[in-house]
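Chemist: Protein chains in written order, with our numbering: chain A, 1 to 249; chain B, 1 to 340.
Rather than coming from a laboratory, the hints here were simulated on the basis of the structure. Check before you lean on any hint, since a few could be wrong.
As the list claims (entries may be wrong) - Quick list of in silico lysine to aspartate or glutamate cross-link-like pairs, EDC-like style, CA-CA up to 20 Å:
(1) A/Lys100 with B/Glu300
(2) B/Lys284 with A/Glu89
(3) A/Lys100 with B/Asp322
(4) A/Lys108 with B/Glu300
(5) A/Lys139 with B/Asp322
(6) A/Lys151 with A/Glu114
(7) A/Lys100 with B/Glu309
(8) A/Lys139 with B/Asp168
(9) A/Lys221 with A/Glu15
(10) B/Lys155 with B/Glu300
(11) A/Lys139 with B/Glu309
(12) B/Lys284 with A/Glu52
(13) B/Lys334 with B/Glu300
(14) A/Lys8 with A/Glu52
(15) B/Lys243 with B/Asp273
(16) B/Lys284 with A/Glu51
(17) A/Lys151 with B/Asp288
(18) A/Lys14 with A/Glu54
Note that the structure is a prediction, hence the values are computed from the model and not measured.
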Amino acid sequence: MLNIKNLKASIDGKEILNGLNLDIGAGQVHAIMGPNGAGKSTLSYVLAGREEYEVTGGDITLDGQSIMDMSPEERAAAGLFLAFQYPVEIPGVQMTTFMKTAVNSVRKARGLKELDAIDFLKLMKGKCKELGISDDMMKRAVNVGFSGGEKKRNEVLQMAMLDPKFCVLDETDSGLDIDALKIVADGVNAMRGGDKSFLVITHYQRLLDYIKPDVVHVMSKGRIIKTGGPELALELEAKGYADIVGAAA
Amino acid sequence: MSFAFENIPSVKSERWKYSNLQRALKDLSLTPARLGWDGNVSLLSPHAPGAMEYGDTQLWDLNASQTKDIKFITSNDIIDVSAKDGQSLSPRLIIDVKAGENITIIENHNGDGVYWKNAVVQINIEENAIFNHYRTIEESEKGVNTLFTHVKIAKGASYNAFTMVLGDGFVRNQIHAEIMGEGAHCGLAGVNLLASTQHADTTITIEHQAPHGTSNQTYKSVLTDKAHGVFQGKVHVHKVAQKTDGYQLSNALILSPQAEMDTKPELEIYADDVKCSHGATTGKLDDDPLFYMRARGIPEPVARALLIEAFCAQALECIADDVFAQTMREEIAKWLTSRA
Numbered sequence: 001m002l003n004i005k006n007l008k009a010s011i012d013g014k015e016i017l018n019g020l021n022l023d024i025g026a027g028q029v030h031a032i033m034g035p036n037g038a039g040k041s042t043l044s045y046v047l048a049g050r051e052e053y054e055v056t057g058g059d060i061t062l063d064g065q066s067i068m069d070m071s072p073e074e075r076a077a078a079g080l081f082l083a084f085q086y087p088v089e090i091p092g093v094q095m096t097t098f099m100k101t102a103v104n105s106v107r108k109a110r111g112l113k114e115l116d117a118i119d120f121l122k123l124m125k126g127k128c129k130e131l132g133i134s135d136d137m138m139k140r141a142v143n144v145g146f147s148g149g150e151k152k153r154n155e156v157l158q159m160a161m162l163d164p165k166f167c168v169l170d171e172t173d174s175g176l177d178i179d180a181l182k183i184v185a186d187g188v189n190a191m192r193g194g195d196k197s198f199l200v201i202t203h204y205q206r207l208l209d210y211i212k213p214d215v216v217h218v219m220s221k222g223r224i225i226k227t228g229g230p231e232l233a234l235e236l237e238a239k240g241y242a243d244i245v246g247a248a249a
Numbered sequence: 001m002s003f004a005f006e007n008i009p010s011v012k013s014e015r016w017k018y019s020n021l022q023r024a025l026k027d028l029s030l031t032p033a034r035l036g037w038d039g040n041v042s043l044l045s046p047h048a049p050g051a052m053e054y055g056d057t058q059l060w061d062l063n064a065s066q067t068k069d070i071k072f073i074t075s076n077d078i079i080d081v082s083a084k085d086g087q088s089l090s091p092r093l094i095i096d097v098k099a100g101e102n103i104t105i106i107e108n109h110n111g112d113g114v115y116w117k118n119a120v121v122q123i124n125i126e127e128n129a130i131f132n133h134y135r136t137i138e139e140s141e142k143g144v145n146t147l148f149t150h151v152k153i154a155k156g157a158s159y160n161a162f163t164m165v166l167g168d169g170f171v172r173n174q175i176h177a178e179i180m181g182e183g184a185h186c187g188l189a190g191v192n193l194l195a196s197t198q199h200a201d202t203t204i205t206i207e208h209q210a211p212h213g214t215s216n217q218t219y220k221s222v223l224t225d226k227a228h229g230v231f232q233g234k235v236h237v238h239k240v241a242q243k244t245d246g247y248q249l250s251n252a253l254i255l256s257p258q259a260e261m262d263t264k265p266e267l268e269i270y271a272d273d274v275k276c277s278h279g280a281t282t283g284k285l286d287d288d289p290l291f292y293m294r295a296r297g298i299p300e301p302v303a304r305a306l307l308i309e310a311f312c313a314q315a316l317e318c319i320a321d322d323v324f325a326q327t328m329r330e331e332i333a334k335w336l337t338s339r340a
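Required output: the full structure, derived from the provided sequences and hints.
Modeler: Structure, rendered in structure tokens:
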């Protein structure tokens, strides 16, 4: 599914990713944990194709095809989805307009028929209902005036609407109370089970109580330094990062 | 030409600092012409407003001495102010809104080839009347439009103006509004979509001369290529105008490194119990929303267009007429498509 080989990336001349390797199979959920400054958010931005980051080496493939030369919108069409740590507010752009444009752009790029207004509304209402999101949110401007929980739920809604193959959740748990966390986790879990793969990036083990990973990686200084099963997350929670990061160094 | 160059405002004058009308008119070969309106000169206000304070009255005076096109309007109407190649026009619109009435007038300003329209619009709104005044200005590449609007707003009356500047050429959109009676409202809004070597200047003076008046300015400018935009907005609150509420907003979005926007907000307040503020910004399109939209699969040109439409939305909200608002939204979409 997703394969990262020896990925190196920098921003403003400073190297952040330093030869990162990762292999995520179809249907798997991987978690990346790591201390602040490990390069977790950089990894998510580089995967999504943010232009401010300069990729200086390595390759990323999705289903065997390199995405390195693809624009962010081409990556989205190819099936990559990034749930933002800080979803962006867009005053003046209504959620419905935003979502309909996104869904139809992606459908067009995938060679599918674009949805008309009625079919789009059906899809949206269906997904909102599944995820326990009120229609009212869809009438507002994108993320404007949304609470922290609403913003993250909105990310999960977009994920469900765009039907990606591979999803990156960048610190989706930050700023969420337990109730909001559960709603988000339920949304992700509802999409599991098929071929979709997930990369859950988090600082804390808490989210992994609700989204059970198949594989856990520890990231430090721009690379993966340890890989294990779900028990690794518990070990990190008990001992803190210093032990593992220190031992590997 | 039939006018002397010394009667044309020069950049040495403070209120014309950013707009070089003399240069715009310099090599134009023009002949005085008529639109074919009536010529009832008795309706003219020969004296320009603001003569004492600003001394910026040359174009009004020139219009008064030249005009043979005078139109008197008191009800809903659609007016075309169209110039043909080689014409020098001096039209005068006189709009009277009777007490308690509610009227809407749409003006379409455009033209072909090389021309200069030096128009004056004098408006009187009587007590408790509402006047919705909508304009589209779409001049040709070598067209010059100097448009001087003077409006008097009586007690409890409301003036709501919206101007869309598209097209090309040189435009000076000058509005002088006088709040004459208690509780009068003056709402001015506009969207300027400027491209090529287009020049568009919006110069506003609002005189609060009575208590409890409200005024609102909401202007959005989008500039690309080598376009030049100017916004000068002045709110003048006289001593008698207590409890005035005045707000002025000018936002400019620069899409090209060669485009230029000059903004000069001014508040001059002599009353001590008023609420007045202004906001002025000039900037480029934000990277964060752009990336967010692209990460959702929206192609960059479409994302940019959506963001620019959103940028303009606040000014469009000032339009009370839904049909006209929708037309303006379509004009914006059309402009964006033609430059994508």
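Chemist: What hint numbers does the structure not satisfy?
Modeler: Structure breaks hints 3, 6, 8 and 10.
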